[in-house]
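What follows is each chain in one-letter form.
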Amino acid sequence: MGSNLLSAQDRQTLVNVVYAAFPHSTFPRGPYERAADAVIAAAGTDPRFLAQLLQGLTDLNAQREVPFAELDVETAGAVLRGADGSPFLTGIVDSAVVTLYSDPEVWDLLGYEGPSYDQGGYVNRGFDDLDWLPDPKIEFEEEVPA
Amino acid sequence: MTRFSYDDSDVVVVVGSGAGGGTVANELCQRGLKTVVLEAGPHLTGDDYHQDEWPAFAQMAWGDTRTTSGSWQVAKDFPNLPAWLVKAVGGTTTHWAGACPRFKAHEFTARSTYGDLDGTSLLDWPIALNELEPYYDKAEIKMGVTHRHGRPPLPANNNYKVFANGAEKLGYRYYSTGPYATNAEPYDGRPATLQDGFNFQGDKHGSKWSTLVAELPKAEKTGNLDLRPDSHVAQIEHDAAGRATGVLYIDRNGTLRRQRAAVVVVAGNSIETARLLLLSGSAQHPDGLANSSGQVGRNYMRHTTGTVWGQFDKPVRMWRGETMAGVIADESRLDTDRGFVGGYYMETISLGPAFLAKFIAPGRWGSHISDLLDNYRNTAGMWIVGEDMPREDNRVTLSGDTVDQHGLPVANVHFDDHPNDAAMRAHGQRQGASVYKAVGALKTIETPPYPSTHNLGTARMSQRPRDGVVDRYGRAHDVPNLFIADGSVFTTGAAANPTLTIVALATRQAEFIATELNKTLS
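Respectively, the protein sequence lines represent chains S and H.
Anchor point for the first sequence: position 70 equals 70 in the working numbering, and the numbering is continuous, going up by one each time.
For the working numbering, count along the second sequence from 1 and bump the result up by 146.
Treat the hints with care, as some may be off.
Across the chosen pairs, the derived CB separations fall in these ranges [to be verified]: (1) S:G120 with H:A204: 24 to 30 Å; (2) H:P332 with S:G111: 49 to 55 Å; (3) H:G209 with S:E33: 26 to 32 Å; (4) S:G44 with H:K367: 45 to 51 Å; (5) H:D459 with S:E33: 30 to 36 Å; (6) S:P104 with H:A429: 54 to 60 Å; (7) S:G82 with H:S217: 24 to 30 Å; (8) H:D194 with S:R64: 46 to 52 Å; (9) H:D481 with S:T26: 42 to 48 Å; (10) S:T26 with H:D194: 33 to 39 Å.
Below 25 Å or equal to it, Euclidean Cα-Cα: the simulated DSS-like pairs (lysine-lysine) are [said to hold, decoys possible]: (11) H:K250 with H:K284; (12) H:K180 with S:K137; (13) H:K180 with H:K367; (14) H:K364 with H:K180; (15) H:K315 with H:K583; (16) H:K364 with H:K284; (17) H:K180 with H:K284; (18) S:K137 with H:K460; (19) S:K137 with H:K315; (20) H:K589 with H:K315; (21) H:K460 with H:K315; (22) H:K250 with S:K137.
In case anyone wonders, no lab produced these hints; they're calculated from the structure.
Note that CB positions come from ideal geometry on N, CA and C, so glycine has one too.
Please model the entire structure based on the sequences and the hints provided.
Right, dumping it as structure tokens:
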């Protein structure tokens, strides 16, 4: 995977791009790094996208006085919006939206419990534990009107 | 495992193993008829399925390229994925959730009821509800549908509690956890649900009815079923007299095989069924097999759909439990004063973070997406599903240049929303948001239609041969021993999720085929 054309600095920039695209203040850097690495892996099998990625990261760094990785989150978001719809950013977003939100660490952070079958489902683990509303009826007697 | 000879011309060949094909196959096998089922996809079972959305999608979905055109948003968001269907044994019954409303009487007479609406190709069905009712009963019993024939309802899960309380506050009366084709208690040799979620990902436990776990294993026990997975049908053949003689298919090794047949039943879902008929053109059928009407591929319907999410200040955990075990039926009524014809249902839905992030606003990114995901735990979801209008130019055609891995032209799906569809979607999303606001939603979010899971109408039933492709039994007007058994035959779409009706029609069709075949064979 990967390409020796992408520097460690490029990778760090890419991690920041993924963060700017899907900013969660509660997430550590790990899930963003894994999402960035999946983008790099995809680029490793797609020379056209790799070229767009290299050029796109260079372009992002030239948008402000300081490199992209040093921008605050609002400014980074604004810079990224300038690239919206480009093959460069679309390629990153389409990959990262899958990887980031399929990451078990992210699931934990969001409170999502993931696969349940090995634990016997939720039949005895709270499928109906919502207690801030009354228990509703689950059937009705009459026919639904035509 | 039974095997019939390639040259055995007494067999019935069924193309596709989903709701239509799997049901017809079992019904024929039970009647002692030799049946060969050709399924394009692999034979996956419970152990194979992933409770992880993207790997499950990669494993199950029909991912072969298709193309799209038209003004519908799916063409923009998912240009090569017009439909979310399964390519595996069991077809899309392994993906469906289980919602089982019946059609209403007036939905079989859409043209007479709604009138001559501009820009539609509305037509009355050649059958009426009362003819189908006995088969609805059979289908519900077969599928173990909750709330019907003594089957108990499923309990309320968390997502349903929010949905139902909102419905009550809004003044809706007809809300319930079904009818739903998943076992609340053991039934028909299959276990009760573990409330493990992942209904769309195959259902590892087998408590959901599918042809994979119910119809096909029963058919196999008769010794009359020859199930061939990884078998992609490329062409239906016919003789000079105009009768189908069998099919040509590509087997798992890439070898083209011929299976002869007394009867061919096509059930590849609306996109592939139309594609196969169009690919089966000949000198006698220059515009595609069974297409003298020019109606093959036309009148493609996908239901008017949309999703509404409500976010609260307390946990919902919508992913726990049965995904779609909740329905509000009030808006399914006949009431043309709402600014549109046709009705719609609201049904609970849940997506995991991976699919929610992808589908909530396809292609979009930014803090408005990540903020929604931050509240994932506190999110409830519902799907809107309603009757869409058939239009002559909403159609499946063969794509000009794009071919699949076998060199066969792929299907292009063209769709333009009718203004009626847009009005219904807006109404549904507004009402859906009101349901959640009634129980304190801090925020509601509307999601545009997903790639279509309800694909209908491309070989529609008609009284007159010039108006459609098949007759009241799903028999091709042009080819006496060719039948269509999937949602392609729907003359109009109604509001109901289509699977129950497909199973009812397929059960009725199999009875007809068996009667006809026994006449010729005896």
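Hints not upheld, ascending by number | Hint check: 2, 12 fail, others pass.
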